[in-house]
Every structure is written in structure tokens, then in C-alpha cells.
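Work out the full structure: start from the sequences and follow the hints.
There are 2 protein chains.
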Amino acid sequence: MRIGYYQFAPEFGDVETNLMHIALALENINADLIVLPELATSGYLFISREEVGAVAEPIPGPTTEFLHGLAEKHHCHLVVGLVERADGEFFNSAVLVGPRGLVGVYRKLHLFNEEKYYFQPGNLGCPVFDVAGVKVGLLVCFDHLFPEAARTLALRGAQIVCHPSNLVLPKYGQLTTRVRSIENRVFWILANRCGVEQRGGKKLVYTGCSQIAAPDGTILLRASAREEVLSVVEIDPSQACDKHVTPLNDLFADRRPEAYEL
Amino acid sequence: MRIGYYQFAPEFGDVETNLMHIALALENINADLIVLPELATSGYLFISREEVGAVAEPIPGPTTEFLHGLAEKHHCHLVVGLVERADGEFFNSAVLVGPRGLVGVYRKLHLFNEEKYYFQPGNLGCPVFDVAGVKVGLLVCFDHLFPEAARTLALRGAQIVCHPSNLVLPKYGQLTTRVRSIENRVFWILANRCGVEQRGGKKLVYTGCSQIAAPDGTILLRASAREEVLSVVEIDPSQACDKHVTPLNDLFADRRPEAYEL
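Residue numbers (numbering that gives the first Met the number 0), protein chains in the order written: chain P, 0 to 261; chain F, 0 to 261.
Hints were generated in silico from the structure; no laboratory data involved. Certain hints may be false.
Pairs involving identical chains hold if they fit within one copy or between any two copies, as the list cannot separate such chains.
Listed below are the simulated DSBU-like cross-link pairs for lysine-lysine, each with C-alpha atoms no more than 30 Å apart in a straight line [claimed, not checked]:
1) Lys170 with Lys201
2) Lys170 with Lys72
3) Lys134 with Lys72
4) Lys242 with Lys202
5) Lys134 with Lys170
Given below as C-alpha cells:
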């Protein structure tokens, strides 16, 4: 299975341009699963609820239709972050779209900082989806800091965690997601954005350094902090089904839930 | 509060020598809390149950009495790993001993590899103890790979996690415990041993690199891989009571237990 990320800097507020940009970047790909950043179609640094509303759309909707077209053309699955409108509220969501259309939606459970002004916390739990027989879970950015989220996905069988992000804290996400791989024995695709956003007196510098980690924590791919780059690596997803770290230690069988209070 | 670790290489099977060695190392300390490695009084690489039995003792017992004497003399608390005998079974335990005597016992919950041949899995849960008004939790070595254990301690109020270890996997523990600090906003004292043990055709190389991490993941102290060293750093343990990573994000308040399945 060929998995990858596309690290780039979306244009703020311009969904059409961003979708064109994405289509162009994917033009020559040879991959089964590509993960794009959080809010990849809109940019991130909103300073009003009106701005959020201007780029929000239902799922399924025009963007997932467009992504379906790309997925069909390239015979691959895509994970993309976008602003979802549902029941008059906004969610910081990520979709999984394949050649046959929308496969699943995840709504960010743990909202970061001023996202709380604009978005509702996710209310769809931690679902796991199927990509050509491989189990895939989605998380968005700040979710990485809560080990329970990745653990829930892994216990539900996720072999690959797709993690669209707009990380701004210095290297936290790159460090924690590598540990999430190790402690859950899963592949982890961290698709971070790069670039800088400066709006309404606020400024965010995104840390780039997208990476793919293997179930033993090996970094299979890593981008630099600032480059726009699409990278793909071949993996054997069945490796994530074996939870052994030694012949006598299956990390899931070794858990002691009766001793935890969570 | 002054906290530290003593990284060294115990003599296999020779409790008396190891206790003398420890007493000598602590001779001139000026600290409130010092953590020593896992099985610091006996060494680690047992190849028979008889060997384990030869160094096992009850808690309280001679070793905790000896440690009490040291703690009293130096006006500090000590965390030390040792083989506990209880109800005809053996536990890979760690004790917290202060100037007034034994404060608490922790029995390793997650046994690593061939430890399973000799030890019973811990049956005392994840207790939190008091050291001069500061809440302290104990974990032993392989426990670090299970985020639920540290999380349980932190949710119970632990400000400092004391982590006696005999790490052998390449750098996993140094990486994961730093992330445990970040995700729980606690201080973490990783007291690893150094040196090599070679017995009965088996060989273990311990990775040293003991470290102390702050609640934001900053490494306050780190030992090299092979040196025998006692290091101490001054901290403000109240920092671990503030779980904010941004003004709007309290990591514990932001948890979504209803979405986790653990």
C-alpha cells in the first residue's frame, strides 16, 4: 500500500483556488492514500464567525464531490480537512473520500484555542473506516495531545491514523505522534501545513515537518518545515496488526484496564 | 523543591554491596526527592526463580529500613526499585521512603518480556503519595509504554512521576516519558540504569540517558548513556497543577471521555 501526505500552504478563504491547487499537486500521483492538512480548503486563521460561515459547506457537498472526482481519476483515497456546516453549526472536520465517493467524516474532538469561538466540538466519536481492506482512523491536529483518542482508534482496529494538522506549537505534534505510533503499533500520517498566516493582528507560523511513522516509531518520511511537498512511501499495513514489542509482550493484551481510572 | 536521579549499574545479586554503593553516592546530596533505577538493589537479568527468591524481601523489610536511615540522615525522600516478596509471590516493586519511614509501595503493572516468568503483575493499581505536600506517583520501566498508567496518576493529582527503569529498547523510554510529561503536564523523573548484564547466554545493554522533563516537555536534566551520575535540579512542583497549554485549553478539562473506548 502506498501512503503519503501533501504539505502545503492554503490560500486563506479561497476554497476554489485551494481545490485547483490540490488537483494540480495530485496530477501525477501513484498512491493509495494521501492525507492533506487540517482546513486545507480554507486556511485556518479565522477572526470572525462570518468568515467561517463563508467557507463552510455540508458533507457531502461541493468539496467532497470535487474530491470524489480526484479520487476516481487517481484511483486513490484522500483525507482532507475542511469546515463543515451541519445543523446551523460549524465543525472542524476531515473527510475520507475514495473512488466511489465519500467514505466517512470525522469531526475534531479537541478544539485548539480560538477554534472554540467558531466550532462545535466533534460529536461523531472516533470512527474507523475501511480503505481497500485496511482499517483507517482520522484525527485532526490538537487531538494528538490526547492519548485516549489514538488509543480508541487503535483498539477499534485502526492500522493507519490519518492526521490532518495545522500545528503551531514547537514540534509537539511531531514528537507525540511518533509516540502514538509506538504505543499503539500503528502507522501514522501527520499531514501538517506550512507557511504563515497573519490576519487581524494575529499571526501563526505553521511548523510543517509532516511525517509518516511506522508501528515501531521509525520515521519513514519527513518533510522540512517550509517546503510544499507531496511524498509517498510503500508500507505493509498488516504490520500494524501485530502488537508485539517482544515475543512475550503484546501491547494490547498487556493493558491493565482494571488498574486505570480514565 | 530539589529533585534528581541516581543513574548507576548495580552489582547483580549483591544487595548489601548495592546498598553500600547507594549510601556512598548519596553522601553529600542536597535534595528533596531522589529516584533510583528499577531493581536497583539486585540487578535485573535473572535466569531462574531461585535467583529472584534469593534477593526478594518483604516491604517493609531490611532494605526499606536501610533506606529509611538514609532518608532520615539526608532529610529527603527516596524512590528505589527492588524485588518484593509477598504471599509467596514476587513483585517488581518500587518503594517511596522518607525521613519518617516507608511512605508507599508500587508494584509494576506491565511486566516486560521474561519478567513474566518470575514476577506477578502488580495488584496495587496506580497509587499517588504525598511528599511534603507534593503529590507523587510511581511507575516502573515498561509501564511508560501504556499512556493509561501515567494518565491515571495525573488525573489523581500526581505532580511528579518517579520512574525507576532498566530500559533496553533503543530510546523508547526517553521519548515516551517526555511525551507523558507534555500530555499530562507533570514533571517526570526517569531514573534509568546504565551498564551491561550478561548471564546464562543472555545479554542486556541498558540505555542510561536518565532525564527529568518539565510539564511542557522541556528536558531539565539528562545523563549520558554510560555514566554513573547523581543529578539534581530545582523545580516548582506547582507548575504541574496548571494543565493549560493555551489560555483556552486546559488539557484535563478538554478531555472527551464520552468519545473514548478504553
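Which numbered hints turn out to be false for this structure? 2
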